[in-house]
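Novice: Here are the chains, one letter per residue:
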Amino acid sequence: DAGITQSPRHKVTETGTPVTLRCHQTENHRYMYWYRQDPGHGLRLIHYSYGVKDTDKGEVSDGYSVSRSKTEDFLLTLESATSSQTSVYFCAISEKWREDEQYFGPGTRLTVT
Amino acid sequence: GESVGLHLPTLSVQEGDNSIINCAYSNSASDYFIWYKQESGKGPQFIIDIRSNMDKRQGQRVTVLLNKTVKHLSLQIAATQPGDSAVYFCAENAKSGGGADGLTFGKGTHLIIQP
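Chains as they are written, first to last, in the numbering used here: chain V, 20 to 132; chain H, 2 to 116.
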């Protein structure tokens with residue numbers, strides 16, 4: 020793994036509760052991404068960041084928000100978790116935009132009951 | 002090939018044989034492609050990439066072939082080993098349909114190595 024950690028690795032939460040997932044990198048890469056992975060779908064982009072305090076929406080951003088206050092940390096928040104947000108969440112980093120490999124973290128398995 | 006349902010296509014090969022995994026990409030504007038390997042319970046791991054100005058690139062035991070005419074990408078794994086068992090998926094760098102900017106990922110193929 021390219022110096023990417025995610026926390027927590029597993030979480031079970033109840034519908035309606037807020038949840039924050041953390042991604043931490045030690046590579047000093049500019050770009051950071053949050054994806055979700057579900058059966059029958061490829062990885063789908065939720066939000067991404069192109070610098071400190073610079074973020075934008077991805078394909079499936081509804082119900083999620085992000086923040087990046089430091090180069091190394093990218094937070095994903097579910098303001099009010101729903102069962103449809105049960106998924107495996109992956110953080111990724113890259114040096115360049117769209118022409119560079121993305122390195123992935125180990126993932127967070129989130130279950131919303 | 003790519004999955005259109007809940008179950009991934011599966012490729013089963015004998016240990017020591019060569020494997021070929023295929024991917025049909027969607028956007029003729031894509032000019033950068035990546036193959037990833039994902040083992041159960043782990044994050045995707047970069048294997049090899051190729052840019053559109055090439056039609057072949059080789060790595061250690063892996064070769065990626067790109068056919069832009071038919072928008073097809075393949076990953077060849079030589080002398081497969083038990084550790085090669087995983088889901089393999091491709092990614093392209095152009096938008097797919099209404100997708101967001103960035104990489105677009107395929108759903109993957111499950112490679113099973115038979116002893």
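I should point out that these hints are in silico values taken from the structure, not numbers from a laboratory.
Don't take each hint at face value.
[Claimed, not checked] Subject to a maximum C-alpha distance of 35 Å in a straight line, what follows is the list of computed DSBU-like cross-link-like pairs (lysine-lysine):
id	chain 1	residue 1	chain 2	residue 2
1	H	K69	V	K30
2	V	K115	H	K72
3	V	K115	V	K30
4	H	K72	V	K76
5	H	K72	V	K30
6	H	K43	H	K69
7	V	K76	H	K43
8	V	K89	H	K69
9	V	K89	H	K72
10	V	K30	H	K57
11	V	K89	V	K72
12	H	K57	V	K72
13	V	K115	H	K57
14	H	K57	V	K89
Novice: For the pair we were handed, H/K43 and H/K69, check the Cα-Cα distance against 35 Å.
Specialist: Given that 35 Å is the threshold and the Cα spacing comes to 31 Å, the pair holds.
Novice: With a cut-off of 35 Å on the C-alpha distance, tell me whether V/K76 and H/K43 pass.
Specialist: 25 Å, holds
Novice: Does the structure keep H/K72 and V/K76 at a Cα separation of 35 Å or less?
Specialist: 28 Å, holds
Novice: Does H/K69 pair with V/K30 here, judged by a C-alpha cut-off of 35 Å?
Specialist: 43 Å, violated
Novice: Taking only the CA atoms, is the gap from H/K57 to V/K72 under or equal to 35 Å?
Specialist: 39 Å, violated
Novice: Under the criterion that the straight-line Cα-Cα distance not exceed 35 Å, is the pair V/K89, H/K69 satisfied?
Specialist: With a Cα-Cα distance of about 40 Å, the restraint between V/K89 and H/K69 is violated, given a limit of 35 Å.
Novice: Straight-line Cα separation of V/K115 and H/K57 no greater than 35 Å?
Specialist: 22 Å, holds
Novice: Please work out if V/K30 and H/K57 have their alpha carbons no farther apart than 35 Å.
Specialist: 42 Å, violated
Novice: So if I understand the rule, the pair passes when the alpha-carbon distance is 35 Å or less; does V/K115 with H/K72 pass?
Specialist: With a Cα-Cα distance of about 24 Å, the restraint between V/K115 and H/K72 holds, given a limit of 35 Å.
Novice: Taking 35 Å as the top limit, are the C-alpha atoms of V/K115 and V/K30 close enough?
Specialist: At roughly 31 Å apart (the allowed maximum being 35 Å), V/K30 and V/K115 satisfy the hint.
Novice: Please verify whether V/K89 and V/K72 have alpha carbons no more than 35 Å apart.
Specialist: 8 Å, holds
Novice: Hinted pair, alpha-carbon criterion (35 Å max): H/K57, V/K89. Please report holds or violated.
Specialist: 39 Å, violated
Consistency with the previously given hints fails for numbers 1, 5, 8, 9, 10, 12 and 14, ordered from lowest to highest.
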